Each structure stands twice: as C-alpha cells, then as structure tokens.
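Read off the chains here:
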Amino acid sequence: MEEHKIGVYVCMCGTNIAKVVDCDDVVRTASEQPGVVCAKTYKYMCSNPGQEMIVADIKEQGLDRVVVAACSPRMHEPTFRKALQTAGINPYFLEMANIREQCSWVHDDKQVATEKARALTLGAMRRVANHQPLERMSVEMCPDALVIGGGVCGMTAALELADGGNRVHLVERESTLGGNVARVDLTAPYLDSARDLMSSLVTRVEEHKRVDVLTRSQVSSLEGFVGNFTATVETIWGDSASVSQFKVGNVVVATGYKEFDASRVTYYGYGKLPNVITSFEFEKMLRAGRVQMKDGKLPQYIALIHCVGSRSKEFHTYCSRVCCMTALKYAQEVKSAIPSCYVSDVYIDMHAFGKGHEDFYRRGSEAKTLFLMYGKNDHPVIRKAGPGDDCDMLIEVNEKLSGETIEIPADLVILMVGMEAREDSEAVARLVNISRDKDGWFIESHPKLDPVATTTDGIYIAGACAAPKDIPDSVAQARAAAGRILARTIRGVIDIDAVFAEVTEDKCSGCRICNELCPYSAISYDADKKKSSVISALCKACGACVAGCPSGAIAARHFTDAQIFAQIEGVLA
Amino acid sequence: MSFEPKIVGFLCNWCSYTGADLAGTSRIHYAPNVRIIRVMCTARIDPTFVMKALTDGADGVLICGCHPGDCHYSEGNYKMMRRYPLLKQMLADFGIEPARVRLEWVSASEGQRFADVVNDMTQRVRELGPSPVRTALIQDMAER
Amino acid sequence: MAIRVNPKLIDELEVYGAEDVQNCYHCGNCSAVCPFSENPYIFPRRPMRNLQMGLEDKLKGSLEPWLCYYCGECSEECPRGAEPGETMMSLRRWLTAKYDFSGISRLFYRSGKIELLAVIGAALLTALGFVLWAVLRGGSIYSYDGPNAFLPAESIHIFDWVLAGVLLVLLLTNCTRMWWFTMGRDKTLNASVGLYLKKLYALPLHFITQKRYAKCEKKRPWAVHLVLMLSYLIMLVLIMFFLAGMSASTIDWRLHVFGYIATVGLLGTTIFALRGRIKKSEPLYAHSHETDWIFLILLIVVAFTGILQHILHRAGLDAAANLVYIIHLMGVVPMLALEVPFSKWSHLAYRPLGMYFSLVRADAVRRVPEEAAQPVIVTQRVVG
Amino acid sequence: MADKLQIAIYWGAGCGGCDVSLLDTNEFILDVAAVADIRLWPIAVDGKYKDLEAMEDGELDLAAFNGAVRNSENEHIARLLRRKSKIMLAYGSCAYMGGIPGLANLTSREKIFETAYLKNASIEWGNGVVPQPESAVNGKTLDLPRFYRRVYRLSAVVDVDYFLPGCPPQPEQVKAALLAVVKGELPPKGSVVGAFEHALCEDCPRTKNEKKIKKFYRPWQVAADPDTCLLEQGVLCAGVATRSGCGVRCPKSGIPCRGCYGPAAGVVDQGAKLASAIASIVDSKDPEEIEGILAGLPDFTGFAYRYGVPASLLQRSYRQ
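Just so you know, the sequences run in chain order A, B, C and D.
FYI, the working numbering numbers position 206 of the first sequence as 206, with every residue one higher than the one before it.
FYI, the working numbering numbers position 11 of the second sequence as 11, with every residue one higher than the one before it.
FYI, the working numbering numbers position 243 of the third sequence as 243, with every residue one higher than the one before it.
FYI, the working numbering numbers position 249 of the fourth sequence as 249, with every residue one higher than the one before it.
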C-alpha cells in the first residue's frame, strides 16, 4: 500500500469532548503512527477557524488523507468533506472518528474514555489510508413534485411549489381537500374561522393551473430515485378505478395524523355515557352552532378533560401539543354560546408555549374557566349523577392544586383526544422508503438541523405526519419542504452520492447470487456476457450484494473490505 | 484489575448507529468496551468481518441493525438474519463460545436499548474471559 | 368522600368584591410574602383555591380571612392581578353574612342601597323617637341639661345600656355561629375546655393591642387602625360609664381630656381613611365596597356631631347643641345597631375571635393523628 | 548437466494424489525428464535427505512441495528445500491451503491420537502406545518426527513463490506451470498459477437464474436437472466461491463443486464467503424457518472449509 500524508484533527468540542477525553494524549498517540504528518487538537473543529486550519494544512503540508476525531459523522461529515474540497483534495479522503456521541458523552472514566477515543481514531486512520478518490455523479432533476395529502400542509406545499413555477401533483385519499383542519370550527388562539381559512386555500389550489389535484386517489407505487421518481396513482371513480403514472423529482409527504380513538380509554365511559364526547364531535356541534346534550337540553356545566390518549404509559407517552389551546378555545366558545354555562378544565399541565398562547390562557381564566389539575397517573373518573343532582354526570378528581378529592358537576364532558400516527403510516413509509419512530411518526433526517428532509433523498415530510403539530408549524414545514425542493430544482441537475456498489466485470462469474439481493433492483444481468452489473443511480449502497457476492467481485465504494478490515485492525490495535 | 473485554460493534448507519448517537445525545452512560464500526446496513456485514475481528484480538463481536421490517433498505436486515445462524454454526465448529457474537435489533429511537445491549453483552463476555483465538495462534507459532 | 365543586360560588362572591379571583393560577407568591401565612394557616392561596372551586363548606369553616389584615402585599406581588388581598376582604364580608343568623347582613352586603335605606330609616326613627319622647315629657329645646333638659343624660344613659344589651345579644349569637362553623362542627378537633381557657388571653390581647397587625411590613395602617380602635374604646367607656359627667355643665378635666383625645383620634383616623379611599392611596383602600363608605361616613358624622354639640353647649347655645345632639344620635344608633352586628363593624368581634380560635385549632389539630390533620399544599402550576 | 533444470519434488502431509497428478501428464513427464534433473522425488526417484542437505543453497531451480505441514519432518524438509531452491512451489491444495489433512484442525491432536491409536477397532487393545518424539529401545533412543498440535499450510512455514491449487491439480495446469518455469516466463511472486481469477460458475455450462432457496438437498436426494445450476436446485455447490481452473469437472459430471481450487482471487476466507452467499439467498424472513432451511446443510463448516481450514482466518479449533 502506497505511503500517505495523513492529518489527524482531534476536536475538543468546547468541553464536550475535552472534559472526558484527553485530546492531547489522542493527538500524541496519533502522531506516532506511520504516515501521520500532523496531528492537532482544536476547540471547535467545525468552526470556520477550525476548518481553515485543516484547509491550510492540506495546502501547506500536502496532506492527502484527513481524520477528524469529533462528533458523529452523521452530524459533520458533510462539513469536513467540503473543507477537503476547498483545499483541493477529494472529499472522500476524509474519515471521522465519533469520540463525542459514542465516547465522551457516554463514558465518565477519563482514562478509559481516552483509550477508547485512541482506538476509534486509530481505526479511522487505518481506514482512511485505504480510501479512494470518488466522484459524485449528477443526474437530471425532474422539476415536477408529488405531494401526498391534501390537508392544510399538503395544500400549502403544493401552492408554494406551483407558485415557484413547478408542476405539482396533489394526491388526496378523500373525496375533498381540507384534511383535519376542515373539521374544525374556530382556531386558537385568535379565534378566526378554520372554514374561511380552508375555503380560500382550497379554491386557490383547485384553480391553480400548475397544480393537478387527484382526490379519491392513492399512490400505489413510487419507483426510481431523487430527481427521477415514477409515481403510479390509483383514482377511484364511483365503482371504477383509473391509474395514472407520472415522473416527479421530489415528494412531499403530508399525510397528517388521525385523532386518538377515545373508546380505547375505558374509564371515561366514552360510548356508554351519552354526554361524553370527543373534541372532534364537539367541533361538529360548534360548526353546526348548537351546543347541546344528547336530549337536546342546554348544558349548564361543561367539563373538558385533557390528555386523553396522550402523556400516559398505556397509550401515548408524548404530548399532542394542540389540545390545551383547543380546550381554552372551547371554554371561550362555550361562554359566548351559553353565557350561563360553567366550564371546568381538567388538565395535567397547561402547555401554553406558543405565540399568543399565554394571553389566550389568561382570557380563558378571565372567562371564569375553572382550572383543575389531575395527576398524570391518577386520572379523573366519570359517573352518572343521582336524581338529586342538578347535573347529568359527576367527575371525581384528586385535585392537585388543592390536594382535595373533589367531584365536578357536568352535563357535557369533552375528551381532548390527542393525535396519533395514521394506520397507513407504515404502508406510506414503505411506499416512499422512509423510517418511522416507535410511535409511528416519520423520522426526519435530523430532528434539529434537518427537520423536513428524510433519510431517503428526494422525500420530504411536513406537518403532523412527523409529529403532533398545530397549523402554523405545519404550514411552516410545508413551506420549508417546498423551499428545499425549489432550491434543488433550480439547478436542473442533482448530485448523487458517490457511494454505491460496483461490479469488477472480469471477477464476476455470473453466478447471479446478487441479482436477488438488491431491494432496488439496481442489479442487471447481461445474458450474453453472463455478467451482472450495478446501475449506480439506483443503488443506495446498502452493500447486501457486496457481502453476498461469493467471489468478491462486487465492491462497495467507500465501504470496501480493505477499508473495513483496516478499521477493524485499527480499533483493536 | 478484572478483565475488560474488547468488543467490535458493527452498526448499521440508519438505525443502530443513529441509536448509539441518540444514547450519546441523551447522555446515557454504558460500558466503554465496544468499538463501533459503521456500515450502511447489516446486509453489508460479511461473516468474514466477524472472523477477522476475532483473529485480530476481539473478545466479542456485536452486530446491530434495524428491527425486522424497519430496515432503511427495507430488507437488508433479513440478509443478516439469514447469515447469522450459519455464522454461529461455523464459529461453534471452530470452538468459539456462542455468546461472543451477538445480533441485536436497535432502532434510531432506542438509545436506552443500545446502552442496555452493550452493558449486557460486555457483562457476558467479561464472564467468558479473554477470547482464546489470538493467544492460541501465538502458541502455535511457539510450538515450532 | 369527594367534596362537590360549586362553580357558581365565585359569581356569588363577586357581589362581595372578589372580582379577580379566577385569574389566580396558584404560583403561591401571595402566601410566600404574607407575614401571617404559616402552617397550618396557608393563605391567601388556599382560600382562593377553595373559592375558585366553590368549596363553600370549607370556606365557611375557615379562619384564614380573619388572620389577614389586608396590608396588600399579596396583591402587589400577584403576577396575575388576582387581588388576593381584596379576595380575603371579600371573604370576610361573605363570612360576616354567613355568621349572621338574621340574613340582614347578607342583604346589606348584597346591596349597598338597602343598607343605606336601613341606615337612613334607623336615623329618622331615632330622631322621631327622641323628639317625641322629649316633647311628651315636656323637655325644653332651650335647655341642654338641668331639670327640664331636652334630652336628659340619665335617660340617654339608660337607653345606651338597653341598646348595648340588645347589640351584645345579637353579636354573641353570630359569634356562637362563627364558633360552630369554624370549630364546633369539626369532628377532627378535640379542643378541650382547658385548651380554650389556656388560649383565652389572646382575645383581649389582640383586641386591645392589635399586635399581630404590627407584623405587617407597612406600619402605618396598623398605627391608624390602633388609634381608631383605642379612641373608639375610650369613647365607649366614657359614654357607657361617665355620660353624665361628660354632658355636665362643668368641665372635669380628668374626664374630658380623654374625650378630647378620643375625638381627635377618631376624627383624624376617619379623615385619613376617607382620604385614602378617595385617593386609593394604599392597596387596602384600592377597592371600596358600599359598606366601607357607609361605615366611615357614619363614624365621621358621629365623631363630628359629638364634639360639635359639646362645643355648642359650652358656648351656651343649648338649642343648637340639642339639635346637633339629635343628629349625633341619628348617627350613633344606626351605627351601633346596624354596623356592629350586621356589617363591617362586626369584625371588631370576629377578628380577635378568629385569632383566638386559630390558636386553639392549631393546638387541637396538632394533637389529632397526622392523617386527620390538614395537608399543607405546596403544589404550583407547572408551566409547560 | 548444469544447463539442465534442477528439480525436487516432495510430499508432506498428503495422499500422494499430487505425485500421481504429475504422472497424469503422461509422456509430458518424459519431456520434463529430458530438460530437467529430478534430484529428489521420494515416490519415484531414489534420494536421501543427506543428499539434499549436501546441496548448495539455491542449487535447485524448482522445489514442488505437495501436502501440508503436519509434523516436524515436513517442516524440516520444507525449510531445506526453501534454502536449496530458487523457486518454491506449493503444489496442490494441501500445500496451498492445508487441504483435506487440514480438516484435522477442527479437532485436536489428542482426539486424533485417541482415534488412531487408542480407540481404534484395528489396534491391539491395552498397549495404549501413542507415537512419542523419543522412545528408548534397549538402551538406544529412537526419535520420531514431532506431531504438531495442528496442520499448517506451506506458506505458514516457509516463504512460497507460487501456488498451484487443485486436489489434485489438473494435468493441463501442471504442464502449463512447468512449461512456464522451463521457459522462464514467470508471473509475479506470490501468484496462484494454473488457475483463473474468477469463480467456477463462469466456466460452468449449467444455466443460471436468480436464486432463492426454500430447501436444501444432499446430492443423492434429488435427480438434479443436468442443465441448470445445482445451487438453484437446492444442492449445495461450492462453485460460486471457488477459483476456476479445474475445468468444472465435478459439476459437469453432476457432482457439486467441493471447492478444492480455493477461494476466487481476492477473497480472504472461502468458507465465510460461501456462508454469506448461501445464507443470503435463503427464501424466508422468519428466524425459525431460516434455521429450519439451514438445518438442511449438515456440517456446513466441514464442507465450506474442506480444503482450507489452515488457510482460513480462524485456522483451527479453539475448543478447550
């Protein structure tokens, strides 16, 4: 193996790494390794000065391989690859050692952590010596986009894209656009009508000449890769169905959420007690302008119960984020509908984090809403009231603010049901090849720095399909996703990662073991030559064929046997 | 001091490596014995890697991938799932204790689970003691 | 057993002056700054919570309102403008109404007009009564004292004693009800007679010194209140025992000096209070219920006419003196007859009693097993 | 005589098949004899170790060593030959990878002695004699070669210039190799000669399709279609992971490849690779079912490493 000039850069990440790992020691051991020209530590390697230092060293000392021992490569690999590029060497001559997430943040014994950091860095050094120069390829980027879901989020994304000049296919499963927001009366905290909000949006979408709306439709397949997807959509016409197919460059998944099924909660008597209803059923009443009990009487007492299906071990542990403000909205809508009506608001915590929310809470309390706090694992219990009582039901609560066990009179109980992932989220995830978290929400490529992209290039997620969100957040994400897509389609071409599998033709014996292994059918077999080959644009570099090839004829670029062997030797040296 | 095993961990980029990062960002502390090597998918993991690690002095090898059905490449982890029993069989025939090699499913959201797996595996390998491979190969040399 | 919430109570209390209680979100600042809030009497937060939830029975049984002197610090510290001080004041009014068996006090508090009419009515009746009585027994408007005095001191003296007796009965009845609500009916207490006697000292002590009030950071309200209190006491003693000497034509300095001091005290403090309520200078003056006004006005009228008729008599203008005396009585009678048992003035009995009971209760509670004791709530609203 | 090639042929731990394979070159061997002096060939030519020891270093042009290194004698001669010869050729799969004798590495020396000398039906009971390096016989000490704890491939003991795979190597390949030496047209040191880079399938006439396996069969369990890939038919065939050069003899005659030519060029561990490939195409996503299907591969390790345990990464058993 030819000699290399390796530069090793150990990041202290402020104190994040330095407080546990003895960075100087790592540098010392690194600099003793053959081929190491320079080894340095720095406070923040990812900062501009940090990168400039690397660039300078590459130029001045003619480094041709770089190891950065810092945070997870999932965080900053692109950053440092760019640095190498600026310095004029191939970006793939970089290898990172993850000594933060997988070392300094998870260990406290300084000596042991330092030893591990040394090993990881050594592994990276041995590996990088085997790196080969790789070139990114670029392919045509189809400007058209596919938006799945015709709710407030999907429509916004579609409009943004269409206004940007791209053709958009908007696919909606239902017969009408609008999604969940269309089921809502007023919106919190400014109490303006959701109906007005939606109708204007829907008309704009339907009239837009670059948006082609497909209602009663579902995407049945999505083939290809970023910039070159082929989508197949099935549309139901009464009892017949038609199939349309079109090419798109990017996809926005805005499939939204479904409300928690209150009948899963036994103790609130939903379905048994006639006057226990869900928030969405109440929205129906409000939209109809008739707040009433089952028997048509006007309720004198209304109780709102928060966190139904949310923030509990048995159902969902997360907070659905919109219910608190919705409950306050009900309190105020009820007061204006039936001034004589008393509203009790039974919550675990009042989450009023958003813009204008605290004021909204204040208005709620000024409207004489009786706020009562129950314990997370000590839910209220509803029972039918006796003949003597002036109410239909009684809710027993261990009220935390007073420490009293109280019972609240109620004629109408509204269960603030949370949000959950749609049943078909798994199918959608498979369709567009993205992953889901334990609750079924789609996973973003980075929760903080890249919240609308996914691990599959060209697939974006926006709105409540990724996690519970209110309208402003969903709209913001919709526009963000659209923005990302517009920014990429402007160039007309798209760079494809240089990491993929390739077949060394004269080593391939044509045994065809690999053919079956590729999930993207990226391997084609040439019957005349009796050889298999990889269509690099389709390849996603999983390496199944590489490990599967019995004659070592397939190499995974940037994950070659040699590179991995070297890393194994390194971490164990 | 007690024996501290060296364990090589092959983690898939999308679930388990991310899960390990999550353990980091959540500051979940665990045993420092695992040296992680990132592969794009468990499907890339060739039994050769495991044997290589053992001959190079690893006392154990941990393989982590997405849960079946959640693979980023939709089916990659099934390839590993199929190779694993055969690999274990071969290692057994070479007289290597089964507990030294382990396949676990760890998703991107299971930082805690990753920590638990590492702790548990480290403990088991610690109980087994050092891997015989390296020392035996050196003895062989001495014999001649 | 769960206690039934009554969301309507908060509306009822509004009439008594508690207008902002619903704004409270239980941060507990009020109870933290209050110099009087200490285990087992945590307030204003707890009473406010009970009020929000409409736990009427608990409120009726609570002594906390009487332990509060309305220095107003809680209201100043409250981040939500929930006016805890005023809420405590309103609770005192509400409790006064609850203690009163006759329901009169409830009427007064619920409508200032009714009280005003009652006062006016009583005043006119008094005037009519005395004038008729004087005329019938042939008293001369031109003579203030002597054999045919228009309103001879000795008869007024008798009248005073009768009135005092009646008032005492009324007031004591209400005090007994207070005891029953706050102490008697509470089965968890085992307060022996011995304990009641042991703590009895508190009653006169607080009644006379107002020493608790001195614990407030602001001293002035306490001073004012003390002066008013003592002046009134002096005046009461003079009138009940030395009326003859007071209205005698010769000045007896050993007696009159007290009269003058008391008068100055009464006039000064009432003027100060009125001024305060008009300018809303102090938090405790910020909100004025009708009953507050009526009380002060009566007080100042009585004090003023009291000294005025004395001066006129000294000046030898007996006729004028008699007229003013009538007006004086027109103030005194309703003030005593209505304010003492049924309205604001009743607190002169309820507050010391409250403190007395609270001491007894604290000991009694300490003696009963833990689980029966009231829990101390320190929960605060968690802001998400 | 100096212009003639000086050749030595030796057998270590082997079966003699390699020597026979030389004779299989038929009259070609006479041509060899014409151009070369065979200085040592225990199976065919008379010669003593002392003659070998007497030679000058590098006196030989070619030493073809077949068989593995099992004992001290094998190693001693291997070292001698290395010293005396310009070219050291590992002849056949045993010298190249350890071969069939190498399978002994999956058990232990003690077990072997036990089976061979103690618990063997064909031996006289009770005398319990196992070979000793030294034994006293009426006053004198006899010594035997030391039986090593394990088997080694030739290259583990001495520096080898070329490797000629095969069990045994095919005559055509042998000729080609010898001719190359004669002509002096030698590939770079360390090359595998007399074989190709690619795997067997390329030269296998059977048609191949995409592979998915629901059930494995032993060769005798199915009447395999002669024209399609045996592996597709569930018959375990090592061809996919084996270097081509044999002329596809076994599959052509209906027998699955056993892998005697060793791994394809660039593959580190033949058995591991074979395992990886075979398992990958098992047609199931259910752990139990997978186990079940793989259970159709009895002694897979023995099969996958039939010719190469000492050449594998793990090299030997570690059972205590």
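Warning: the hint list may mix true and false statements.
Said to hold, decoys possible - Computed cross-link-like contacts, SDA-like style, restricted to lysine to any residue with a CA-CA straight-line distance of at most 25 Å: (1) K212/D / L538/A; (2) K110/A / E75/B; (3) K19/A / M75/A; (4) K88/B / R319/D; (5) K58/C / M75/A; (6) K252/D / A527/A.
Unchecked claim - Covered stretches of chain D (in silico footprint by chain B; criterion: 3 or more residues with CB under 8 Å from a CB of chain B, positions within the stretch not fixed): (7) 270-277; (8) 285-296; (9) 311-319.
Derived by calculation from the structure, the hints in this document are not laboratory data.
Since this is a predicted model, take the numbers as computed values, not measurements.
We put the beta carbon where it would ideally sit given N, CA and C, even for glycine.
What are the numbers of the hints the structure violates, in ascending order?
-> 2 and 5
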